[in-house]
Amino acid sequence: MEIPKTPDHARGEMANIGKSVVIKGELSGSEDLYIDGQVEGSIELKGNRLMVGPNGRVKANVNARSASIQGKMEGNIRASDRVDLKQTAVVTGDIATQRISIEDGAYFRGGVDIQKEAPLQGSKPESKVEAKPAPAAAGATSSSGPSTSAPSPALEPRK
Amino acid sequence: MASVANNLMKFFRGSSSGSGQSPSSHATGHKLTRRSSGMGELSRTLSSSEPLCVLDLGATSPNNIRYFTERGHKCYSEDVLLASVDPSLVTKDDEGNQVLDEKRFLAENLVYPAAHFDLVFCWNLADYMDESLVKPVVARLWSVLKPGGMLLAFFHTKDAGADAPCYRYHIVNQDALEMQHIVAHPEAGRRPGSTARETGAKANFRLQRVFNNRHIENLFRDFASIKFFLARDNVREVLVVR
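For the protein sequence lines, the chains are A and B, in the order given.
Numbering that gives the first Met the number 0 applies: residue 0 is where the first sequence begins, and numbers increase by one.
Numbering that gives the first Met the number 0 applies: residue 0 is where the second sequence begins, and numbers increase by one.
These aren't lab readings, by the way, just hints derived from the structure by calculation.
Every residue, glycine too, gets a C-beta built ideally from N, C-alpha and C.
Misleading hints may appear alongside valid ones.
Said to hold, decoys possible - What follows is a list of derived Cβ distance ranges for each label pair: (1) B/GLY95 <-> A/LYS45: 52 to 58 Å; (2) B/GLU94 <-> A/ASN47: 56 to 62 Å; (3) B/SER87 <-> A/ASN47: 33 to 39 Å; (4) B/VAL182 <-> A/SER27: 38 to 44 Å; (5) A/ALA14 <-> B/THR90: 41 to 47 Å; (6) B/ASP174 <-> A/LYS23: 46 to 52 Å; (7) B/SER131 <-> A/ASN47: 33 to 39 Å; (8) B/ASP93 <-> A/VAL21: 48 to 54 Å; (9) B/SER47 <-> A/ASN15: 43 to 49 Å; (10) B/ARG103 <-> A/VAL21: 26 to 32 Å; (11) B/ASN217 <-> A/ASN47: 52 to 58 Å; (12) A/ASN47 <-> B/PRO112: 32 to 38 Å.
Claimed, not checked - Computed list of lysine-lysine pairs in DSBU-like fashion (alpha-carbon distance at most 35 Å, straight line): (13) B/LYS73 <-> A/LYS115; (14) B/LYS91 <-> B/LYS30; (15) A/LYS23 <-> B/LYS30; (16) A/LYS115 <-> B/LYS91; (17) A/LYS58 <-> B/LYS91; (18) A/LYS23 <-> B/LYS73.
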């Protein structure tokens, strides 16, 4: 299966964490961020975009304007604009955002809370009472049919 | 021609692609639609203006997430069947027999506060899950459902053989579902650090058993009420209320 890659020009203006980089701790910034390595801790991007590449392994709560996930992500995502889970995404955690799209083939385990207005920065999504251990590792949902890389229609905020 | 033959085979095996539904699109090859009386009953609740909390226990379905969230509900998605084939759950009992670690399974899955959900969609989970986990999972679902909350489950009415296709269900509208044949990914259920390379889950999920009415009533005996809908495609839809 061909792994979709983010065009280089799309990452041109982004801070880039390469696939050999491992970061543990609090990560914050005021520019867009592309992660193709490993990050563990928390990610605070406020009004900016987060992209997790196909090699990305993120274990963190995320606060950003938007998040696009191709790799593995464990943690709650709070995005004021939108969240995109690509075909190769493996995501465990709760998502609070205004719009979400999930491609067929993506694995998602958690809750989705679609909010009318931008979530308050800094507040945390509702989390489960008991902590869960590490997520299942692999692309979990597979079907016998051909997986389409075309994104599913975005989930619009409720009226 | 091949697709016609394939559909005929499925029909005679009593799988869920029988007369109760029509092929929705041969172009996609593996998706069929069927009418669902149980879904029709739940639609009245789903159309409520009050925000509900919904748990979908099937494989991740963008359709279902969209269907629930468009109506203002909060939805949770958890593929419990996939989690149940995690090879690291296999342990040995006192007599040395291989069994699944039920306590660990429940410690890692379906971990929600009590009385959290208004609706739970089980789909065909019970038919394909290892027998040792079915009752504990139903007991857990009872506890996470609110009093008056509802659960929808599907059961085969006839033994269609171990290779009866396992479907994930996408909600199309208030009483129609799209079924997509699913197989476990070669890496299914494996967790980071798991050393077992072969999970044995590369093939289809296997039909474990066929519940009759009495079995189903026993399974949900702690619930307040149970309602059966018998479909023409050898599927028994069960709607239970806590």
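Cross-check of the supplied hints:
| no. | hint | result |
| --- | --- | --- |
| 1 | B/GLY95 <-> A/LYS45: 52 to 58 Å | 56 Å, holds |
| 2 | B/GLU94 <-> A/ASN47: 56 to 62 Å | 58 Å, holds |
| 3 | B/SER87 <-> A/ASN47: 33 to 39 Å | 38 Å, holds |
| 4 | B/VAL182 <-> A/SER27: 38 to 44 Å | 42 Å, holds |
| 5 | A/ALA14 <-> B/THR90: 41 to 47 Å | 45 Å, holds |
| 6 | B/ASP174 <-> A/LYS23: 46 to 52 Å | 50 Å, holds |
| 7 | B/SER131 <-> A/ASN47: 33 to 39 Å | 48 Å, violated |
| 8 | B/ASP93 <-> A/VAL21: 48 to 54 Å | 43 Å, violated |
| 9 | B/SER47 <-> A/ASN15: 43 to 49 Å | 46 Å, holds |
| 10 | B/ARG103 <-> A/VAL21: 26 to 32 Å | 29 Å, holds |
| 11 | B/ASN217 <-> A/ASN47: 52 to 58 Å | 55 Å, holds |
| 12 | A/ASN47 <-> B/PRO112: 32 to 38 Å | 33 Å, holds |
| 13 | B/LYS73 <-> A/LYS115 | 13 Å, holds |
| 14 | B/LYS91 <-> B/LYS30 | 39 Å, violated |
| 15 | A/LYS23 <-> B/LYS30 | 43 Å, violated |
| 16 | A/LYS115 <-> B/LYS91 | 50 Å, violated |
| 17 | A/LYS58 <-> B/LYS91 | 32 Å, holds |
| 18 | A/LYS23 <-> B/LYS73 | 32 Å, holds |
Checked against the numbered hints listed earlier, the structure breaks hints 7, 8, 14, 15, 16; every other hint is satisfied.
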